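Protein chains in written order, with the UniProt record's numbering: chain A, 1 to 325; chain B, 1 to 247.
Bear in mind the hints are in silico, worked out from the structure with no lab data behind them.
Bear in mind the structure is a predicted one, so any value in this text is a computation, not a measurement.
We put the beta carbon where it would ideally sit given N, CA and C, even for glycine.
Among the clues, some could well be false.
If we take Cβ atoms under 10 angstroms as the criterion, some of the chain A residues that face chain B in the derived model are [what the hints assert, rightly or not]:
| # | residue |
| --- | --- |
| 1 | Asp-14 |
| 2 | Asp-18 |
| 3 | His-72 |
| 4 | Gly-73 |
| 5 | Thr-75 |
| 6 | Ser-130 |
| 7 | Gly-231 |
| 8 | Glu-314 |
| 9 | Leu-316 |
| 10 | Gln-318 |
| 11 | Thr-319 |
| 12 | Leu-321 |
| 13 | Asp-322 |
| 14 | Asp-323 |
| 15 | Trp-324 |
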Amino acid sequence: MGNADLRSLAAIADVSFDDVSGVVAVDAHNWLYRYLTTTVKFTSDRVYTTAGGDEVANLVGIVQGLPKFFEHGLTPVFVFDGGVTELKDAEVSERRARREKAEERRQAAEERGDAVEAARLEARTQRLTSVIHETSRGLLDRLDVPIVEAPAEGEAQCAYMNRVGDVDYSGSEDYDTLLFGGPYTLRQLTSSGDPELMDLNATLDEHDITYEQLVDIGMLCGTDFNEGVPGIGPKTALKEVKEHGDLFGVLDARDAHIDFADRIRELFFDPPTTDDYDVDTDLSPDVDAARAYVTDEWEVPAGEVDRGFDRIEEALTQTGLDDWT
Amino acid sequence: MFKAIVSASTLRDALDSVSVLVDECKLRLEEDELAIRAVDPANVGMVDLALEAAAFESYEADGGVIGVNLNRLEDIVGMANSGDLVQLELDEETRKLHIQIEELSYTLALIDPDSIREEPDIPDLDLPAEIVLEGAQIGRGITAADMVSDHIRLRVDTDAEAFFIEAEGDTDDVDLKLERDDLIDLQSGPADSLFSLDYLKDMNKAIPSDAEVRVELGEEFPVKLHYEFGEGMGQVTYMLAPRIQSD
Numbered sequence: 001m002g003n004a005d006l007r008s009l010a011a012i013a014d015v016s017f018d019d020v021s022g023v024v025a026v027d028a029h030n031w032l033y034r035y036l037t038t039t040v041k042f043t044s045d046r047v048y049t050t051a052g053g054d055e056v057a058n059l060v061g062i063v064q065g066l067p068k069f070f071e072h073g074l075t076p077v078f079v080f081d082g083g084v085t086e087l088k089d090a091e092v093s094e095r096r097a098r099r100e101k102a103e104e105r106r107q108a109a110e111e112r113g114d115a116v117e118a119a120r121l122e123a124r125t126q127r128l129t130s131v132i133h134e135t136s137r138g139l140l141d142r143l144d145v146p147i148v149e150a151p152a153e154g155e156a157q158c159a160y161m162n163r164v165g166d167v168d169y170s171g172s173e174d175y176d177t178l179l180f181g182g183p184y185t186l187r188q189l190t191s192s193g194d195p196e197l198m199d200l201n202a203t204l205d206e207h208d209i210t211y212e213q214l215v216d217i218g219m220l221c222g223t224d225f226n227e228g229v230p231g232i233g234p235k236t237a238l239k240e241v242k243e244h245g246d247l248f249g250v251l252d253a254r255d256a257h258i259d260f261a262d263r264i265r266e267l268f269f270d271p272p273t274t275d276d277y278d279v280d281t282d283l284s285p286d287v288d289a290a291r292a293y294v295t296d297e298w299e300v301p302a303g304e305v306d307r308g309f310d311r312i313e314e315a316l317t318q319t320g321l322d323d324w325t
Numbered sequence: 001m002f003k004a005i006v007s008a009s010t011l012r013d014a015l016d017s018v019s020v021l022v023d024e025c026k027l028r029l030e031e032d033e034l035a036i037r038a039v040d041p042a043n044v045g046m047v048d049l050a051l052e053a054a055a056f057e058s059y060e061a062d063g064g065v066i067g068v069n070l071n072r073l074e075d076i077v078g079m080a081n082s083g084d085l086v087q088l089e090l091d092e093e094t095r096k097l098h099i100q101i102e103e104l105s106y107t108l109a110l111i112d113p114d115s116i117r118e119e120p121d122i123p124d125l126d127l128p129a130e131i132v133l134e135g136a137q138i139g140r141g142i143t144a145a146d147m148v149s150d151h152i153r154l155r156v157d158t159d160a161e162a163f164f165i166e167a168e169g170d171t172d173d174v175d176l177k178l179e180r181d182d183l184i185d186l187q188s189g190p191a192d193s194l195f196s197l198d199y200l201k202d203m204n205k206a207i208p209s210d211a212e213v214r215v216e217l218g219e220e221f222p223v224k225l226h227y228e229f230g231e232g233m234g235q236v237t238y239m240l241a242p243r244i245q246s247d
């Protein structure tokens, strides 16, 4: 993953929640994953496990994470990943291998009686089960939060919706929205402090490059879809792309090779996206139904989610004076 | 250019009415009045204040705008005794405000007005009901409502010709019924809205209990609360956005 590399090139500014408003297309998998890991780490598994053995830590996570949007006048739209893009198979199998390895170490830690290490590793092995998929949608539906089903990469769909102007920001902790051409990305939406705003055009201006060149730099450093060229970091990639014009110029000059380079580039420039979505931001949530869904149907103790639901209710029932201007 | 002398109590009343909503604001130093308009960060409550030149012992201004930290300014003015006069003078060179209270002088650094949240547009409201009553009457309703709930319902019953302040708690309820005879004036019309007590409590703190308060109300619309201070030469209008009524 080229995350650290991209970060060093991206124009990122700390912003205050007061300065941002509008609609943010959130990469649901990425967002949920963060809340799953923290919930699993800090909460007893009895809280989020039903009598039938289904784990629904996601419900606790969603109720914790949503108030932040509403309290700051942001409407989230959750974009779920579709099928895995074929080229990403290598990445997926690598993740799976990492997870299996973590699982082995977790069992070893558990046997040693190292509870902290076991919990930490358990978080890493957490994946989105079909129950998590189903219940996340079920809860968001009751709160009338829009859901979009991406044909493939959620981040690509977020970036697309931002580019065509249907949303004001993408929301992701990763940096790939930049390579997918998303103009504005809000980061750290799952952290406790203020968010970061990543600006595509400011990034391009700062380095005096085109969007296509940014993708080429990303690919030289390595992306979800390809290994980078050994020995090339962001500074070198930037310098050489500017010198040779594009990815292929750099590869020729170095006599290097990236598998499927053409196709991967196209995937960033023109990823599978859909126009089949409806971003209705005038939410009419049924908070009581949402509470009942989480606490009765999925057996999460009310005490775990009461505060979060109260905050959601409070934020969504208070109107603003700007509704009348 | 700005140079003014004003009684400490008048200035305090003016600042208090704004500081319940925001920490910093712009002062518009018009030729004929000092004006402040501010909205809280959540865009729920707004204050629109004007203090006429006549409310000052002396007043000279030419339309400039300065930004102030309200808490700081309130603290300084709080140093004055009630009968004291406060002298204010803007130093254009250093962009600081000189404040003189008796023998105490204070130089207040100003805030760049551009860094302060923009002054809001005033909502365009045509509210069907108007209730005029004493500050103490509203205060009583708000204090009682606060004992049972976070929200307060204000409504006019057009048949009964009465103004109701109500709150519904988990177990306890509060009802304050003010009939036409209990009020200074009532212009009856369909009005029923729910508001956050957090905001209303704060606004109520600034409203003098003997002030005549004009309440303009609609159905699920913002409420306007208007009162005067400084012997009628200062005017404050609060606006508060409603909560959505669920049932």
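To see whether the hints hold, each was checked on the structure:
1. Contact between Asp-14(A) and chain B, as hinted, is not supported at the beta carbon level, the nearest pair being about 16 angstroms apart and thus beyond 10 angstroms.
2. Against a cut-off of 10 angstroms between C-beta atoms, the interface hint on Asp-18(A) holds, since the closest Cβ of chain B lies about 5 angstroms away.
3. Because the closest C-beta pair between His-72(A) and chain B is about 9 angstroms apart, less than 10 angstroms, the hint holds.
4. Restraint check, Gly-73(A) versus chain B: the minimum CB separation of about 7 angstroms is within 10 angstroms; hint holds.
5. Among the interface hints, the one on Thr-75(A) is violated; its C-beta lies about 15 angstroms from the nearest C-beta in chain B, farther than the 10 angstroms criterion.
6. A cut of 10 angstroms between beta carbons decides the hint on Ser-130(A): the least distance to chain B is about 33 angstroms, and the hint is violated.
7. A cut of 10 angstroms between beta carbons decides the hint on Gly-231(A): the least distance to chain B is about 46 angstroms, and the hint is violated.
8. Taken as an interface hint, Glu-314(A) checks out: its beta carbon lies about 8 angstroms from the nearest beta carbon of chain B, inside 10 angstroms.
9. For Leu-316(A), the shortest C-beta to C-beta distance to chain B is roughly 8 angstroms, which falls under 10 angstroms, so the interface hint holds.
10. Annotation: Gln-318(A) was flagged as interfacial toward chain B, and the flag holds, the nearest CB pair being 5 angstroms apart, inside 10 angstroms.
11. The beta carbon of Thr-319(A) comes within 5 angstroms of a beta carbon in chain B, closer than 10 angstroms, and the hint placing it at the interface holds.
12. Contact between Leu-321(A) and chain B, as hinted, is supported at the beta carbon level, the nearest pair being about 5 angstroms apart and thus within 10 angstroms.
13. Hint on Asp-322(A) holds. Least Cβ distance to chain B is approximately 5 angstroms, under the 10 angstroms limit.
14. Below 10 angstroms, beta-carbon pairs count as interface contacts, and Asp-323(A) has one with chain B at about 7 angstroms; its hint therefore holds.
15. Hint status for Trp-324(A) relative to chain B: holds, with the closest Cβ pair at about 4 angstroms, below 10 angstroms.
Checked against the numbered hints listed earlier, the structure breaks hints 1, 5, 6 and 7; every other hint is satisfied.
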